[in-house]
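Start from the sequences, fold in the hints, and give me the full structure.
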Amino acid sequence: MQLIPLLIILPLGAAFFISLAGKNRDKLCDIFSIVITFSLFALSLFFVFNAKNSATPLIYKVGGWGLPGGIILVLDGLSVFMLAVINFIAFIINIFSIDYMKKFTDKYKFYTLFMLMLGGMNGVVITGDIFNLFVFYEVASIASYALVAFGTEKEELEASMKYTVMGVVGSLFILLGIAFLYAYTSTLNMAEIASLLAQNGINSAAIFVSVLFLVGFGIKSAIVPFHAWLPDAHPAAPAPISAMLSGIFIKSLGVYTLCRIFYNVFGASSTLTHLFMFLGALSIIVGGVLALGQSDIKRLLGYSSISQVGYMILGFGIGSPLAIAGALLHLVNHSVFKSLLFLNAGSLEYATGTRNLEQLGGLRTKMPVTSATSLAASMSISGIPPFAGFFSKLLIIAACIKSGYIGYGIIAIIGAIFTISYILKFQKYTFFGQLKEMNKNIREVPILMRIPMIILALICVFGALLILPKAADTFLRPAEESLSKGTTYADLASQVSYEK
Amino acid sequence: MNQNNGMSVIVKTVTRLLAGFILLYGIHIVLHGHISPGGGFAGGFIIALSYILFMLAFGKEEILKRVPQPMISLLESLGALMFLAIAVFGFFGGYFFANWLPKGIPFKLFSAGTIPISNVALALLEVSLGLFGIFLVLVLLKFAPLNEEKTKKK
Amino acid sequence: MLTYFLCLVLFCVGFYAILRKRNIIKIIIGIVICEYAINLFLILFAYRMNGRSPLYSPNQGITNMVDPLPQALAMTAIVISLATTALLVGIAIRIYEKYGTFDITKINRLKG
Numbered sequence: 044m045q046l047i048p049l050l051i052i053l054p055l056g057a058a059f060f061i062s063l064a065g066k067n068r069d070k071l072c073d074i075f076s077i078v079i080t081f082s083l084f085a086l087s088l089f090f091v092f093n094a095k096n097s098a099t100p101l102i103y104k105v106g107g108w109g110l111p112g113g114i115i116l117v118l119d120g121l122s123v124f125m126l127a128v129i130n131f132i133a134f135i136i137n138i139f140s141i142d143y144m145k146k147f148t149d150k151y152k153f154y155t156l157f158m159l160m161l162g163g164m165n166g167v168v169i170t171g172d173i174f175n176l177f178v179f180y181e182v183a184s185i186a187s188y189a190l191v192a193f194g195t196e197k198e199e200l201e202a203s204m205k206y207t208v209m210g211v212v213g214s215l216f217i218l219l220g221i222a223f224l225y226a227y228t229s230t231l232n233m234a235e236i237a238s239l240l241a242q243n244g245i246n247s248a249a250i251f252v253s254v255l256f257l258v259g260f261g262i263k264s265a266i267v268p269f270h271a272w273l274p275d276a277h278p279a280a281p282a283p284i285s286a287m288l289s290g291i292f293i294k295s296l297g298v299y300t301l302c303r304i305f306y307n308v309f310g311a312s313s314t315l316t317h318l319f320m321f322l323g324a325l326s327i328i329v330g331g332v333l334a335l336g337q338s339d340i341k342r343l344l345g346y347s348s349i350s351q352v353g354y355m356i357l358g359f360g361i362g363s364p365l366a367i368a369g370a371l372l373h374l375v376n377h378s379v380f381k382s383l384l385f386l387n388a389g390s391l392e393y394a395t396g397t398r399n400l401e402q403l404g405g406l407r408t409k410m411p412v413t414s415a416t417s418l419a420a421s422m423s424i425s426g427i428p429p430f431a432g433f434f435s436k437l438l439i440i441a442a443c444i445k446s447g448y449i450g451y452g453i454i455a456i457i458g459a460i461f462t463i464s465y466i467l468k469f470q471k472y473t474f475f476g477q478l479k480e481m482n483k484n485i486r487e488v489p490i491l492m493r494i495p496m497i498i499l500a501l502i503c504v505f506g507a508l509l510i511l512p513k514a515a516d517t518f519l520r521p522a523e524e525s526l527s528k529g530t531t532y533a534d535l536a537s538q539v540s541y542e543k
Numbered sequence: 012m013n014q015n016n017g018m019s020v021i022v023k024t025v026t027r028l029l030a031g032f033i034l035l036y037g038i039h040i041v042l043h044g045h046i047s048p049g050g051g052f053a054g055g056f057i058i059a060l061s062y063i064l065f066m067l068a069f070g071k072e073e074i075l076k077r078v079p080q081p082m083i084s085l086l087e088s089l090g091a092l093m094f095l096a097i098a099v100f101g102f103f104g105g106y107f108f109a110n111w112l113p114k115g116i117p118f119k120l121f122s123a124g125t126i127p128i129s130n131v132a133l134a135l136l137e138v139s140l141g142l143f144g145i146f147l148v149l150v151l152l153k154f155a156p157l158n159e160e161k162t163k164k165k
Numbered sequence: 002m003l004t005y006f007l008c009l010v011l012f013c014v015g016f017y018a019i020l021r022k023r024n025i026i027k028i029i030i031g032i033v034i035c036e037y038a039i040n041l042f043l044i045l046f047a048y049r050m051n052g053r054s055p056l057y058s059p060n061q062g063i064t065n066m067v068d069p070l071p072q073a074l075a076m077t078a079i080v081i082s083l084a085t086t087a088l089l090v091g092i093a094i095r096i097y098e099k100y101g102t103f104d105i106t107k108i109n110r111l112k113g
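Chains as they are written, first to last, in my numbering: chain A, 44 to 543; chain B, 12 to 165; chain C, 2 to 113.
No lab work stands behind these hints: they were computed from the structure. Some hints could be false.
Below, simulated DSS-like cross-link-like pairs (lysine-lysine); rule was C-alpha separation at most 30 Å, straight line [as the list claims (entries may be wrong)]:
| id | chain 1 | residue 1 | chain 2 | residue 2 |
| --- | --- | --- | --- | --- |
| 1 | A | K471 | A | K146 |
| 2 | A | K95 | A | K528 |
| 3 | C | K112 | A | K471 |
| 4 | A | K152 | B | K76 |
| 5 | C | K22 | A | K483 |
| 6 | A | K197 | A | K66 |
| 7 | C | K112 | A | K146 |
| 8 | C | K107 | A | K197 |
| 9 | A | K479 | C | K112 |
| 10 | C | K99 | A | K146 |
| 11 | A | K205 | C | K99 |
| 12 | C | K27 | A | K197 |
| 13 | A | K66 | B | K71 |
| 14 | B | K71 | A | K152 |
| 15 | C | K27 | B | K71 |
| 16 | A | K152 | C | K99 |
| 17 | A | K483 | C | K107 |
| 18 | A | K197 | A | K95 |
| 19 | C | K99 | A | K66 |
| 20 | A | K145 | C | K112 |
| 21 | A | K205 | A | K145 |
Here it is in structure tokens:
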């Protein structure tokens, strides 16, 4: 129980220590950061098994201060689920970035910002206080703005400027929403806000605040009217950061906070769920169509991320337990295979020096590991059985049709057709086809970059085992229950004593 | 003193008299953070302003002789680590971030547990050097804009 | 009542600057104006009728204070906006170094 704040202390302490002592010592930074991310991953697994055995969520009062005015850290099913995903993907990407970042100078600055971003994401997921959520959200966001501009070339600076301005506008809306919410309920704890809103009902103040939160968090999770930063930020960032952004950042800062606020604090009204479903369907179509015409690998994968996040929002919007389970499973699957696809794009860029689809081709014989793992990820994202992606898409489409929304089910199926077509385009132009002359002398990427790709590909293939009842009870079901119980999250407040 | 560097003689004389007082006022706000309004961030800001005033009046070589550049980033990270260490030591009081030193009589200078120590760690070492470092980096970047290079090539 | 309305008008002025101005520095100034408006809004909500500033004093008994919690929130928001503004200005200086202009209609190499 006392180990809960370690999830925030370890990355922040590592960030400050690396900025202090890492100036010309690359090996020290590498080893230290691997140790820290591995221990964070082990801690998150410990909490997964610990939270399953206890009936109530794990609660930690920071500083011993009780409810009026104290900050409470809450680990219920959904938080523990997100923690496991975030820390695992961060560990894998850390192994990849040891070799990839040798091209850039000042590796210690990269690790400082990386650890800050990881600490911010962990903090967002475990906190139970809405202003603390905003502070950690800003810590992670500012670290990511600086990381997108890491190479300081022309295009990277322009992409980072667009991303920063849009992200700051989103944060302004969130802060305005928090100010209104404090003025309405005069408390900052999410469980107390939930109980007060359940007593007073949804009136015009609550609707105004929920629109502000939808815009603010929607900008960060790249739902369709607010997606314009994503296709510019993803090609410009270095490959491990693109994988981190698309794999866990837009999900832990965007989709998780949307679910937490709109299911547990405000209560799911029917207007809201219809709005989620509409925005999700729009994201699926727009992301899919725009991904078909791209010739830059990472831009194509960025639009694909917009499309897959649309699937998740559609699943969360439908609201039945089957749909929520499908959306959560799609969250895990998408983290794994999208990170793998971005790491593959990074390896291609490391080996050949270009990202343009027209200049690549026939690399299957030259880069066997990269092409095999890329094939596994592509089959998983298209939803081909028995890979993991098939089950999550099947659950979402089945839940659509079971709840009676036939139109949304048809849109989801059309989205799947778009997905398979742009992924086939990616596969054909990079790995199959004719080998061009300028690529005759490339070699496979170093061993430390191959290991993370192989691990992620194995999870793509065998990840369908997560649906077996024993694994699903540990991992998926507590997360889905904590979202389905809605505003009874508020009786968390009664478990924390009013003291000091 | 080199007359070409920095601003005119009037500004330099007044700065020589005032910069020490501004620094002292900032330290006063930091140390009395638990009694009167202010505290870590506001006091650190004022200390950083005294450095910036000195740099604007005398030019950046003078301030870099007194506060050399590697020391700025070193002390800033050290201040952040000290703040985190004070929070971790709260585990002695049972919880993370707890206030575990004995709290004396209210309104005296040595009271309120760990709050004055974290004020000092935050303000003197982190906020002031952080803000001064940001200002230094924004000023030190020397470049020739693109238009001048194009006309030179022609 | 009028004060809250004027505060939101200030937010709208800053937001107009973010949306319609073409110079990067003017966009940054618009962001800063929006942040001022939100901090002002937070502190305005803390006012209680006939309240005084929330400080204890050694020899007086104080009963009616304004709410001190939004003042702490505004302090944190000021620090966060300082960090964001510093980052934006740094990126803007580097953009001027690479592109030679601050006009956002001319900085569009990324398309599609």
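Verification of the hints:
1. K471(A) <-> K146(A): Holds, at about 28 Å.
2. K95(A) <-> K528(A): holds (17 Å)
3. K112(C) <-> K471(A): Distance ~24 Å between K112(C) and K471(A) Cα, so the pair holds.
4. K152(A) <-> K76(B): holds (26 Å)
5. K22(C) <-> K483(A): Given that 30 Å is the threshold and the Cα spacing comes to 49 Å, the pair is violated.
6. K197(A) <-> K66(A): The hint holds at about 26 Å.
7. K112(C) <-> K146(A): holds (26 Å)
8. K107(C) <-> K197(A): holds (13 Å)
9. K479(A) <-> K112(C): holds (26 Å)
10. K99(C) <-> K146(A): holds (21 Å)
11. K205(A) <-> K99(C): holds (16 Å)
12. K27(C) <-> K197(A): holds (21 Å)
13. K66(A) <-> K71(B): holds (24 Å)
14. K71(B) <-> K152(A): Judged against 30 Å, a Cα distance of about 25 Å means the pair holds.
15. K27(C) <-> K71(B): Given pair K27(C), K71(B) holds - Cα atoms ~28 Å apart, limit 30 Å.
16. K152(A) <-> K99(C): holds (22 Å)
17. K483(A) <-> K107(C): Violated. K483(A) to K107(C) sits at ~38 Å, over the 30 Å cutoff.
18. K197(A) <-> K95(A): At roughly 49 Å apart (the allowed maximum being 30 Å), K95(A) and K197(A) break the hint.
19. K99(C) <-> K66(A): Distance ~27 Å between K99(C) and K66(A) Cα, so the pair holds.
20. K145(A) <-> K112(C): holds (29 Å)
21. K205(A) <-> K145(A): Holds, at about 27 Å.
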